[in-house]
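Residue numbers (the numbering used here), protein chains in the order written: chain H, 264 to 531; chain G, 264 to 531.
Calculated from the structure, these hints are not laboratory results.
Every clue listed holds true.
Straight-line distance between alpha carbons at most 30 Å, and here's what the computed DSBU-like set of lysine-lysine pairs gives:
#1 G/K355 x H/K376
#2 G/K491 x G/K380
#3 H/K380 x G/K355
#4 H/K355 x G/K380
#5 H/K355 x G/K376
#6 G/K289 x G/K355
#7 G/K289 x G/K521
#8 G/K376 x G/K491
#9 H/K492 x H/K380
#10 G/K492 x G/K380
Everything numeric in this text was worked out from a predicted model, so none of it was measured.
There are 2 protein chains.
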Amino acid sequence: MLALKIGGSADMDYDAIADDVAEFVKGEQRLIVIHGGSTQTNEVASALGHPPEFVTSASGYVSRRTDRRTLEIFEMVYCGQMNKGLVERFQKRGVNAVGLSGLDGRLWEGRRKATLKVVDPDGRRRVLRDDYTGRVERVNTAMLQALLDGSYLPVLTPPAVSYDGEAINVDGDRAAAVTAATMGIDTLVILTNVPGLLEHYPDESSLIERIAAAELRDFMNIARERMKKKLMGAGEALSGGVRRVIVADGRVQQPIQKALNGGGTLIE
Amino acid sequence: MLALKIGGSADMDYDAIADDVAEFVKGEQRLIVIHGGSTQTNEVASALGHPPEFVTSASGYVSRRTDRRTLEIFEMVYCGQMNKGLVERFQKRGVNAVGLSGLDGRLWEGRRKATLKVVDPDGRRRVLRDDYTGRVERVNTAMLQALLDGSYLPVLTPPAVSYDGEAINVDGDRAAAVTAATMGIDTLVILTNVPGLLEHYPDESSLIERIAAAELRDFMNIARERMKKKLMGAGEALSGGVRRVIVADGRVQQPIQKALNGGGTLIE
Numbered sequence: 264m265l266a267l268k269i270g271g272s273a274d275m276d277y278d279a280i281a282d283d284v285a286e287f288v289k290g291e292q293r294l295i296v297i298h299g300g301s302t303q304t305n306e307v308a309s310a311l312g313h314p315p316e317f318v319t320s321a322s323g324y325v326s327r328r329t330d331r332r333t334l335e336i337f338e339m340v341y342c343g344q345m346n347k348g349l350v351e352r353f354q355k356r357g358v359n360a361v362g363l364s365g366l367d368g369r370l371w372e373g374r375r376k377a378t379l380k381v382v383d384p385d386g387r388r389r390v391l392r393d394d395y396t397g398r399v400e401r402v403n404t405a406m407l408q409a410l411l412d413g414s415y416l417p418v419l420t421p422p423a424v425s426y427d428g429e430a431i432n433v434d435g436d437r438a439a440a441v442t443a444a445t446m447g448i449d450t451l452v453i454l455t456n457v458p459g460l461l462e463h464y465p466d467e468s469s470l471i472e473r474i475a476a477a478e479l480r481d482f483m484n485i486a487r488e489r490m491k492k493k494l495m496g497a498g499e500a501l502s503g504g505v506r507r508v509i510v511a512d513g514r515v516q517q518p519i520q521k522a523l524n525g526g527g528t529l530i531e
Numbered sequence: 264m265l266a267l268k269i270g271g272s273a274d275m276d277y278d279a280i281a282d283d284v285a286e287f288v289k290g291e292q293r294l295i296v297i298h299g300g301s302t303q304t305n306e307v308a309s310a311l312g313h314p315p316e317f318v319t320s321a322s323g324y325v326s327r328r329t330d331r332r333t334l335e336i337f338e339m340v341y342c343g344q345m346n347k348g349l350v351e352r353f354q355k356r357g358v359n360a361v362g363l364s365g366l367d368g369r370l371w372e373g374r375r376k377a378t379l380k381v382v383d384p385d386g387r388r389r390v391l392r393d394d395y396t397g398r399v400e401r402v403n404t405a406m407l408q409a410l411l412d413g414s415y416l417p418v419l420t421p422p423a424v425s426y427d428g429e430a431i432n433v434d435g436d437r438a439a440a441v442t443a444a445t446m447g448i449d450t451l452v453i454l455t456n457v458p459g460l461l462e463h464y465p466d467e468s469s470l471i472e473r474i475a476a477a478e479l480r481d482f483m484n485i486a487r488e489r490m491k492k493k494l495m496g497a498g499e500a501l502s503g504g505v506r507r508v509i510v511a512d513g514r515v516q517q518p519i520q521k522a523l524n525g526g527g528t529l530i531e
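Build the full structure now, drawing on both the sequences and the hints.
Quick look at the structure:
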């Protein structure tokens, strides 16, 4: 079984991805799709007069500032525009997709961070208490299994749900990792808008083709912000029992086939 | 079993509705929720620079002009903002809701209208070929039944899916009606921002308390535009086997209890 994470960059070829998914489903390959929508959320948030803000944690990770209004816009884009756009693409190709957020059926459950400690560009530290972010800790595997057994294609998207039933923004790559691990999935393919991990970003000829799981930590400092989260997700997937993670190009024809046939960065 | 349609007006009390739904679910009453989002779609569409347009059919019915961009905004609001907003309200109250559009699992299938014949205010007739509207003709009852058997609360929203796999805008009241009829549901409650059918709109003291199914047609000319569709839905529900439809006030505390205890307009 395959878990497929589809990134949310503007230049992804969603039609090519949907074509390729349809091929796999026709070949009776079981799949779970997880997708993002970060770029589109930035656009819509700006258009609606609530432009995106990003905060940096003490450990140097950048994340989206998620107040209630941002959460609402986030849901519009991830659960509305992106999720239903993908589900429609699959339905047009005869694949019976079902789009769900982590709120639905408590599919992705986790703890909401009570406080978020951030460091401003001037070095000043602040504590945010009204942020809705967290991390997926539990997956409703029974619901996913029931969908797969019914020959549906699950198409999953953030937000997740807190133990108190609140929507929480979670990282899509890491949510894909925990889903793949919990479902006992063999391979996680992460499609993005670069060919994989690049030694000298943005030089696409500097693709790193293979990383051994044990050496993943050494590559973290090469990765830029969004790739860093993908590698972090890859590490979590592997330590959770996934056999291999492939970060590959989502802008090309047959992106999944290419990823599985030696394209992208293989982490195993 | 109860089907509950929640309208999309700005003054609906969604928290009171969610409280009441939670009471029913705790009492082991089975429910299916269907909701709209028309007013919110108008607001977001205007904010995004693609203001809503409405067209009038030759038979006098007004409907939303649904081009591809409108469809995308429609999905953002109905499937994102409204659906996940409701699902979160239910989850906060311990009700394990699952939000789905008609695209998901081909839950609501129907024919897309190949052309839409409209009459402009000046009487000129036009034919629209790029409109994405239709009507629900088939319901995926197996998926709904599986959710109910798993103790989930289905929360359903337009769009539906065409036989070709395209998203199509369908009327929420009529989708609720066909869902209730197909699922063999006894009672359909339609919550809206008036106390029911008013003989002299907007005089709320002119509530019509009961309409016999056989006389429903006589009341169609009293109903204004949106109420007309609710009565049309009511008629379709009754002729499909639903025992009673209650159109009632969604702006009050305990709106479902009140509707079932003599509030609103009972059509049976």
